[in-house]
Amino acid sequence: MPLKEHDFVELDYTGFLKENNDVFDTTDAKTAKEHHLQGATGKLTICLGKGHLLRGLEQKLIGKELGKHRIELTQEEAFGRKNAKLIHLIPTQNFIKSGVQPQPGLPVEVDGMMGTIRTVTGGRTIVDFNHPLSGRDVTYDVTLHRVVTDAKDKVAAMVKALIGQEGQVSMTDDDAAVKLKDELPKQVADELSKEIVSATGVKQVTFSKA
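Mapping of the sequence shown onto my numbering: residues -16 to 193, in sequence order.
Don't take each hint at face value.
[As the list claims (entries may be wrong)] Listed below are the simulated DSS-like cross-link pairs for lysine-lysine, each with C-alpha atoms no more than 30 Å apart in a straight line: (1) 164 / 143; (2) 13 / 51; (3) 186 / 162; (4) 13 / 33; (5) 162 / 26; (6) 162 / 135; (7) 13 / 143; (8) 33 / 177.
Everything labelled a hint here was simulated from the structure, so no lab data went into it.
Just need the whole structure built from these sequences, with the hints factored in.
In structure tokens:
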């Protein structure tokens, strides 16, 4: 049965540049190690259309059957075109005063924006604030393992996607209780609860410290 928007699906993926097959993202630990990538955690459960993955990728997974798929994304569908307005010339002395020795390839933060130093010449440093993969066509090899229907698994997937950590989820009828390592501020907990209820169909989600 084709996947629909808002379906929960368990999947694996590896993303690589179309031009040279360089791997830039993967869920597979072995592949991550081979390409010096971090953060691979194995199979991932997402809610399609919620932006848990690259939006262009999620949109192309809608309508697909379970199994293996190769998904090609243009630069517009992936990380966008390069924007010349996001390439800035900054006095090198500004970095040195902040204790940073600028060099090509160094990630830096300037006025709350993350960028990458491209060149350092004549007292001037060129910083590119575009996404590092902007202007690139990319390809994803995706394996869609199963549609997730269990409410507890859905809640757990949403918690991990929204706050980046595992939660201990328990269900009582249609209510979910989530225990986390750290206590959440009430406003944050309320917003997360609304988002999870909307996506999963449970009636209520409460958070507490484990």
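Outcome of the hint check:
1. Of the pairs offered as hints, the one joining residue 164 and residue 143 holds, with about 13 Å between alpha carbons and a cut-off of 30 Å not exceeded.
2. Annotation: proposed proximity of residue 13 to residue 51 holds, straight-line Cα distance about 18 Å (limit 30 Å).
3. Between residue 186 and residue 162 the CA atoms are separated by roughly 17 Å; this keeps the pair inside 30 Å, and the hint holds.
4. For the suggested pair residue 13 and residue 33, the alpha carbons sit about 28 Å apart, so the restraint of at most 30 Å is met.
5. Using a Cα cut-off of 30 Å, the hinted pair residue 162 and residue 26 holds, with the two alpha carbons roughly 22 Å apart.
6. Distance restraint check for residue 162 and residue 135: the Cα-Cα separation of roughly 13 Å lies within the 30 Å cut-off, and the hinted pair is therefore satisfied.
7. For the proposed pair residue 13 and residue 143, the alpha carbon gap of about 22 Å is at most 30 Å, so the pair holds.
8. Only pairs whose Cα atoms come within 30 Å are accepted, and residue 33 paired with residue 177 is accepted, the gap being roughly 14 Å.
In this structure, every one of the numbered hints holds.
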